[in-house]
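S.K.: This is what each chain is made of:
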Amino acid sequence: MGAGHHHRLHLSGDSLVHRLPPQCKLAAVVCFALVVVATPREWFGLFAGYGALLAAVAVIARIPPGFLLRRMAVEVPFVVFAVALPFVGSGERTPFLGLSLSVAGLWAAWNILVKATLGVLASVLLAATTEPRMILLGAQRLRLPSLLVQIAMFMLRYLDVILAEMRRMRVARESRGFAARDVRHIPVIARSAGALFIRSYERGERVHLAMLSRGYTGSMPVLADPSASSRQWLAAGMLPGVALVALLGVWGLA
Amino acid sequence: MHVPDGFFTPAVSLSAGVVAAAGVAVALRGARRELDDRTAPMAGLVAAFVFAVQMLNFPVAAGTSGHLLGGALAAILVGPYTAVLCIAVVLLVQGFFFADGGLTALGVNITLMGIVSVLVAWGVFRLITRSARGRGAVVAASFAAALLSVPATALTFTLLFWLGGTAPVSVGTVAAAMGGVHTLIGIGEGLITAVTVSTVLAVRPDLVYGARGLAAPLVLRGPGGEEREAGAAGDAGDAGDTVAVPAQATSRRRLGWFAPAAIALTAVLAGGVSFYASASPDGLERVAEDKGFADRATDHALGDQPLADYGEQGGLPVGVAGLIGAGVTLAVGGGLFAAVRRRTREGVAA
Amino acid sequence: MSAGTGAGTGTVPSLEVSRLAYAYPDGTQALFGVDLRLERGERVALLGPNGAGKTTLVMHLNGILTAGHGTVTVAGLPVGRDSLMEIRRRVGLVFQDPDDQLFMPTVREDVAFGPANMGVRGAELERRVVTALERVGMLQTADRPPHHLSFGQRRRVAVATVLAMEPEILVLDEPSSNLDPASRRELAEILRGLDVTVLMVTHDLPYALELCERSLILSGGVIVADGPTREILADPELLAAHRLELPYGFAIPGGAGAGRAGAGGAGDM
Chain A
0 MGAGHHHRLH LSGDSLVHRL PPQCKLAAVV CFALVVVATP REWFGLFAGY
50 GALLAAVAVI ARIPPGFLLR RMAVEVPFVV FAVALPFVGS GERTPFLGLS
100 LSVAGLWAAW NILVKATLGV LASVLLAATT EPRMILLGAQ RLRLPSLLVQ
150 IAMFMLRYLD VILAEMRRMR VARESRGFAA RDVRHIPVIA RSAGALFIRS
200 YERGERVHLA MLSRGYTGSM PVLADPSASS RQWLAAGMLP GVALVALLGV
250 WGLA
Chain B
0 MHVPDGFFTP AVSLSAGVVA AAGVAVALRG ARRELDDRTA PMAGLVAAFV
50 FAVQMLNFPV AAGTSGHLLG GALAAILVGP YTAVLCIAVV LLVQGFFFAD
100 GGLTALGVNI TLMGIVSVLV AWGVFRLITR SARGRGAVVA ASFAAALLSV
150 PATALTFTLL FWLGGTAPVS VGTVAAAMGG VHTLIGIGEG LITAVTVSTV
200 LAVRPDLVYG ARGLAAPLVL RGPGGEEREA GAAGDAGDAG DTVAVPAQAT
250 SRRRLGWFAP AAIALTAVLA GGVSFYASAS PDGLERVAED KGFADRATDH
300 ALGDQPLADY GEQGGLPVGV AGLIGAGVTL AVGGGLFAAV RRRTREGVAA
Chain C
0 MSAGTGAGTG TVPSLEVSRL AYAYPDGTQA LFGVDLRLER GERVALLGPN
50 GAGKTTLVMH LNGILTAGHG TVTVAGLPVG RDSLMEIRRR VGLVFQDPDD
100 QLFMPTVRED VAFGPANMGV RGAELERRVV TALERVGMLQ TADRPPHHLS
150 FGQRRRVAVA TVLAMEPEIL VLDEPSSNLD PASRRELAEI LRGLDVTVLM
200 VTHDLPYALE LCERSLILSG GVIVADGPTR EILADPELLA AHRLELPYGF
250 AIPGGAGAGR AGAGGAGDM
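Protein chains in written order, with numbering that gives the first Met the number 0: chain A, 0 to 253; chain B, 0 to 349; chain C, 0 to 268.
By construction, these hints were calculated from the structure, which means they are not laboratory data.
Careful: at least some of the hints might be erroneous.
One-sided excerpt, in silico: chain A residues whose CB lies under 7 Å from chain C [claimed, not checked]:
no., residue
1, R156
2, A209
3, Y215
4, P220
If you're wondering where the values come from, they're calculated on a predicted model, not measured in any experiment.
By construction, the Cβ of each residue, glycine as well, lies at the ideal position given by its N, Cα and C atoms.
Here chain A stands alone, though its shape is the one from the complex (with noise of 0.2 Å):
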C-alpha cells in the first residue's frame, strides 16, 4: 500500500480480539452501542463502567491510546453541537464561571456527549482489529442482504482506486495554481467531480467487463467463509454482556 492512508483504521495484529470471528465481534459492537443508548444519561457509573470495559478491550487488543484518540476525530463536529447546547438551550438555567447556562442543555450535552464517545471507540476498536473485507463477511454471515454486502465490497475495492484518481487531479489542478478559496470556485470543484464520474465509472466498467468476461452474473462465488464456535461468540459477548448485566443491576438497585 505504501501511501499512507489516513483514513484506514485497520491496525493489524495477532491478539484474541483480532482472532475473533468477524461476525461475533459485528455483533458485540452493535448490542454494546443499543446498551449504551439505553442507558439513562444520570447514572453516571455505568458510563464509566462501560468506557473501562472498552479499555479492556483496547488493551486486549493491544492498541495504543493515541491511535485510539487520534481517530475519535469524526466526532468533532458533534462535540462542537454538544458544546454549543448549555448556551442555547432552553428551561431553568444555571450560573457557571459567570455564564448562564441552561441545564438541561447540560445533560443533553453530557448525554450526546458520552453516548456518542462511547459509540466511536466501539466502532473504533472494531475496525482497527478487523480487515474491511472481514467485516463484510461477517455482515454476510450475519445474513445482510447479499447484493449490500456486495456492493460494500466493490466500493472498498473502488475507494483506493478513485481516491487515487481524485489525488492525481489535484496536483495537477494545484500544480497549476489553482486553489479553491470562495464561491466563484465551485464550477471548477465540480467540473472535477464530474471527470472524476467519468474516469471512475469507466474504470468500473472495464472491470465490470473484465469480470463478465470470466462469468460473473451478478452475484459473488463464496470461496471463504468464517464460522464461530461457542466459545468465541461467549468471548464477544463478553462486551455487550457485562455491560447489560451492569445496566440491568442499577435498574433493579434503582
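Chain A is fixed; fit chains B and C onto it per the hints.
M.R.: Leaving out everything else, chains B and C in the frame of chain A:
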C-alpha cells in the same frame, strides 16, 4: 449531518431503522431493474464516488464550508433506487469502517440522507424533465433537485428532532439553524451537481440515467468505402436488426429552457428568503457561531427574552414557513410546467 | 457443458465473425461490417491504429457488446443471450490493463473467480488454479495480493485467470503494452507454449511477427488486409495507409527481407 449515537431517543432511532430497512429493501428490488447484473459493481463504484466527493469541501460563505451530500447527484447519474443503495452503503461503511455516524443512528442517517434526499431530488428532477426536454433542462433540473433536496433533508431532521431529539432546544431554533445553513449548502450542492451533470452529459451522455440517450441508425461500410444504413432495403439478412429510434430534436425547443430556469430561481428565492426570515428574528445560531458565547452583553440583550419561551412562539412558524415555502415553490413550478408543456405541444402540432 | 464440443472437427473454425457493425450509445459508430475467420490452433494478430475499433471488436467476441448487426460464432456456437455463459467459458479475454482484470484480494481467489462462476468447486477448482498459475510461472505468488506484484507479473496472473477457465480461444488486448523487455520475452514464451487458438490485438508489429503466422489489419471499422504477417509487414504502403509503422531500425529477419526491411525502415520518414 452524520448523527451520532445518543442524539435521538431509542424509539425514534428504532422507527427510523425500520423505515430505512424498508426503504433499502425496496431499493434492492428496484436497483436490479435499473442495472441488472451490474447492480453490485456499479452501485459500489458510485458509492465510492459519493464517498470521495463528500471529501470535496466547497466554500459556502465567509469562513464556512460545506460538503456534498451526493443524494441528488447519485439519483440523476444512476437512478433513484441505485442511489438509495449507494448512500446507504456509504453510510454503513462510514459507520462500521470509519466510525463516522453512530451505529444505533444508522437508521436515522440512512432515512435522512439516503431516502429523503434521494426521493425529493428525484421527484423534483422528474417533475422538471418531464415537461421540458433537452440538455439545458436536465442541467437546470439537476440544480433545482440538488438545491431542494438539502433543505428538505434538514427539515426532516427537524421533524425527527421534534419527535424525539434528546437535546432541550426548541424545534424552531433547530429548524432555523438547520434550514438556514442547509439552504446555503443546498446552493453549493445545486451548483456542483448541475456542473457535474453537465460535464458528464457533454462527454458521456449515456452515463446520465436522468437523460437516457438516443442513438442514430447504424451504417455499413462496403469494401469500396460506400456507406448505407443497416436495415435499409437491399441488405440481406437484416431481419431482427435493432434500428434505433431517430433522435428527437430537443435543442430546438427553446421554451424548454425557461421552465427549469424559472423553478430554479423560485427555489433560490424561496430558500434565501426563508433563510433570512428564519435567521434574523432569533439570531440564535449567530450567537452560537459568531460570538462564541463569550460576549455577555449581547447575551443579556437577548436574555430579556427568556430562551424558555422562545421555541413554540417564534420557532414553530419558522419551520412551518420553510415547509410552506417548499410547497409553494413546487406548486408554482408545477403550474409553470403545465402551462409550458401545453404551449410546447401546440407548437409541435402546428 | 464441460465435454469438449466438437474437438478435432477440423471444419468448424474457432471463431467466425460476419458483417459485424456496432455503434456506441453516444452515437459514434465503431464497426462497419467486420468479417474474419480463425481456424483451430491458429495464432493470429489483429493489427490496427488507435481508434480502429479493435477493442470494440474484442468486446463482441464474448458477447459483452451485442452486435448491432451481423453475427459472431465461437466453435460453432453463435453468440446470443442464451449462450452467453458457454461463450464466456470458450472465449478467454485478457484485458489491456491488468488492474481492470484483477480485483480479488489474493491471486488465488482471483484465478478461482472464473471457474467458480462456472460452478467448479473443491479439489477441481484448486487443480485449475494451480495448473493455470503454473502455466504462467506464478504459482509462488498465489497468496499475495495482486496489486503488490510488478506490472509484468500482474499481466501474467491476468492470463492465468483466463486460462483457469480452459478456453477454446484466448484473446489478448495489447499484451505487450507497458512491459519491460524481459517481461515481454517471458510473456511471448508463455503464449508460444499454449495449445489454444490465440487472437492477439496489438499495434506492436515486431511482437506480432514474433508470435503470429497470420495477421489482419482492422482500420476504419473494417478488415482491410488479411495475410501472412511477414508479407503484411513488408508492404510499407499498406502500413502507412493505416497509420502502422515498424519501429526505427527494425528489419524483418530472414533472407528476402534484406531489401524490404530497408523499405520498412523508410516507412518511418
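S.K.: Please go over all the hints and tell whether each is borne out by the structure.
M.R.: Now the hints, each set against the structure:
no.: 1; hint: R156; in the structure: holds (6 Å)
no.: 2; hint: A209; in the structure: holds (4 Å)
no.: 3; hint: Y215; in the structure: holds (6 Å)
no.: 4; hint: P220; in the structure: holds (4 Å)
Checked against the numbered hints given earlier, the structure satisfies every one of them.
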